[in-house]
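Spelled out, the chains give:
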Amino acid sequence: ETGVTQSPTHLIKTRGQQVTLRCSSQSGHNTVSWYQQALGQGPQFIFQYYREEENGRGNFPPRFSGLQFPNYSSELNVNALELDDSALYLCASSGGGSGSSGEQFFGPGTRLTVL
Amino acid sequence: RKEVEQDPGPFNVPEGATVAFNCTYSNSASQSFFWYRQDCRKEPKLLMSVYSSGNEDGRFTAQLNRASQYISLLIRDSKLSDSATYLCVVKSDPGRRALTFGSGTRLQVQP
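These protein sequence lines are chains B and H, in that order.
Residue numbers for the first sequence follow this note's numbering, beginning at 106 and rising by one.
Residue numbers for the second sequence follow this note's numbering, beginning at 7 and rising by one.
For reference, chain B alone in the conformation it holds in the complex (with noise of 0.2 angstroms):
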């Protein structure tokens, strides 16, 4: 187990409602990445955070937004919910601000259902 947890596991929304997705990063990484990744395709990088503050972003639109806290756990957020957005979220925590071995340590993931 990589010591990544996330939050909750599964999710099912309905168009336009919110959403709060948490993570807990491994013990001693400041550094969390948010990927979400779409049925058959591999992960799409949304955001990162780097002591509490956005590090880099992904083509992802405002609607999704993110917070990294003191303890680096993270949370993403995203508004107005749509049915695109139905897929699964993954935390991963890393050691430095640009993950500089490139090794990310991936929670389970929370799935994500817009009905």
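These are computed hints drawn from the structure, not numbers from a lab.
Please note: incorrect hints may appear among the correct ones.
Here are the simulated lysine-lysine pairs, BS3-like style, with alpha carbons at most 30 angstroms apart [stated by the list, open to error]:
hint, chain 1, residue 1, chain 2, residue 2
1, H, 51, H, 85
2, H, 48, H, 85
3, B, 118, H, 51
4, H, 8, H, 48
5, H, 85, B, 118
6, H, 51, H, 8
With beta-carbon atoms standing in for the labels, derived distance ranges [said to hold, decoys possible]:
hint, chain 1, residue 1, chain 2, residue 2, range
7, B, 216, H, 82, 31 to 37 angstroms
8, H, 26, B, 172, 39 to 45 angstroms
9, H, 37, B, 146, 38 to 44 angstroms
10, B, 110, H, 71, 37 to 43 angstroms
11, H, 57, B, 175, 35 to 41 angstroms
12, B, 146, H, 87, 22 to 28 angstroms
13, B, 182, H, 46, 42 to 48 angstroms
14, H, 71, B, 189, 32 to 38 angstroms
15, H, 57, B, 188, 24 to 30 angstroms
16, H, 61, B, 133, 37 to 43 angstroms
17, B, 146, H, 23, 35 to 41 angstroms
18, H, 85, B, 168, 24 to 30 angstroms
Here a beta-carbon is modelled for each residue, glycine too, at the ideal position from N, C-alpha and C.
Knowing the structure of chain B, use the given hints to seat chain H on it.
The following block gives chain H in isolation, referenced to the frame of chain B:
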């Protein structure tokens, strides 16, 4: 064009077979390369990093060709437990903070 492209498979091979996966990437500034493994409905896990000189880890060999922007993974003596999706991953530095994943190649090893 996707930044990282892989053949989605599936590759169906018998136990003991040798199988090779290929991957191409479009960003010539990419600096780091990896293969991740993802089991069905699980999170991705690092299988191995890929170095310019090529590297081996037991039954797994990874190669990088920077001139052709091509990465490969060779699995020898396939085991049933190798059945998974193999994700080609690129990290482009400086400036990019993210891992860029291919869509994955699915491997099914059959008894």
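Consistency of the hints with the structure:
Of the pairs offered as hints, the one joining residue 51 of chain H and residue 85 of chain H holds, with about 18 angstroms between alpha carbons and a cut-off of 30 angstroms not exceeded. Restraint check for residue 48 of chain H and residue 85 of chain H: satisfied, since their Cα atoms lie roughly 19 angstroms apart, inside the 30 angstroms limit. Our distance criterion of 30 angstroms between C-alpha atoms is met by residue 118 of chain B and residue 51 of chain H, whose separation comes to about 28 angstroms. Distance hint between residue 8 of chain H and residue 48 of chain H is fulfilled; the C-alpha atoms sit about 24 angstroms from each other, no more than 30 angstroms.
For the given pair, residue 85 of chain H sits about 40 angstroms from residue 118 of chain B by alpha-carbon distance, which is inconsistent with the 30 angstroms threshold. With a CA separation close to 22 angstroms, the supplied pair residue 51 of chain H and residue 8 of chain H stays within the 30 angstroms bound. Against the hinted window of 31 to 37 angstroms, the Cβ-Cβ separation of residue 216 of chain B and residue 82 of chain H comes to about 34 angstroms, which satisfies the hint. Take residue 26 of chain H and residue 172 of chain B: their Cβ atoms lie about 43 angstroms apart, and the range 39 to 45 angstroms holds.
Separated by about 24 angstroms at the C-beta atoms, residue 37 of chain H and residue 146 of chain B break the suggested range of 38 to 44 angstroms. The hinted range of 37 to 43 angstroms is satisfied by residue 110 of chain B and residue 71 of chain H, whose Cβ atoms lie roughly 38 angstroms apart. In this structure the hint that residue 57 of chain H and residue 175 of chain B lie 35 to 41 angstroms apart at CB holds, the actual value being about 36 angstroms. At roughly 24 angstroms, the beta carbons of residue 146 of chain B and residue 87 of chain H sit within the given window of 22 to 28 angstroms.
Range check, residue 182 of chain B to residue 46 of chain H: about 28 angstroms between beta-carbon atoms, so the 42 to 48 angstroms window is missed. Take residue 71 of chain H and residue 189 of chain B: their Cβ atoms lie about 36 angstroms apart, and the range 32 to 38 angstroms holds. With their beta carbons about 42 angstroms apart, residue 57 of chain H and residue 188 of chain B fall outside the hinted range of 24 to 30 angstroms. A hinted range of 37 to 43 angstroms is violated for the C-beta pair residue 61 of chain H and residue 133 of chain B, which are about 26 angstroms apart.
The beta-carbon spacing between residue 146 of chain B and residue 23 of chain H, approximately 27 angstroms, falls outside the hinted interval of 35 to 41 angstroms. Between residue 85 of chain H and residue 168 of chain B the CB atoms are about 44 angstroms apart, so this pair departs from the stated range of 24 to 30 angstroms.
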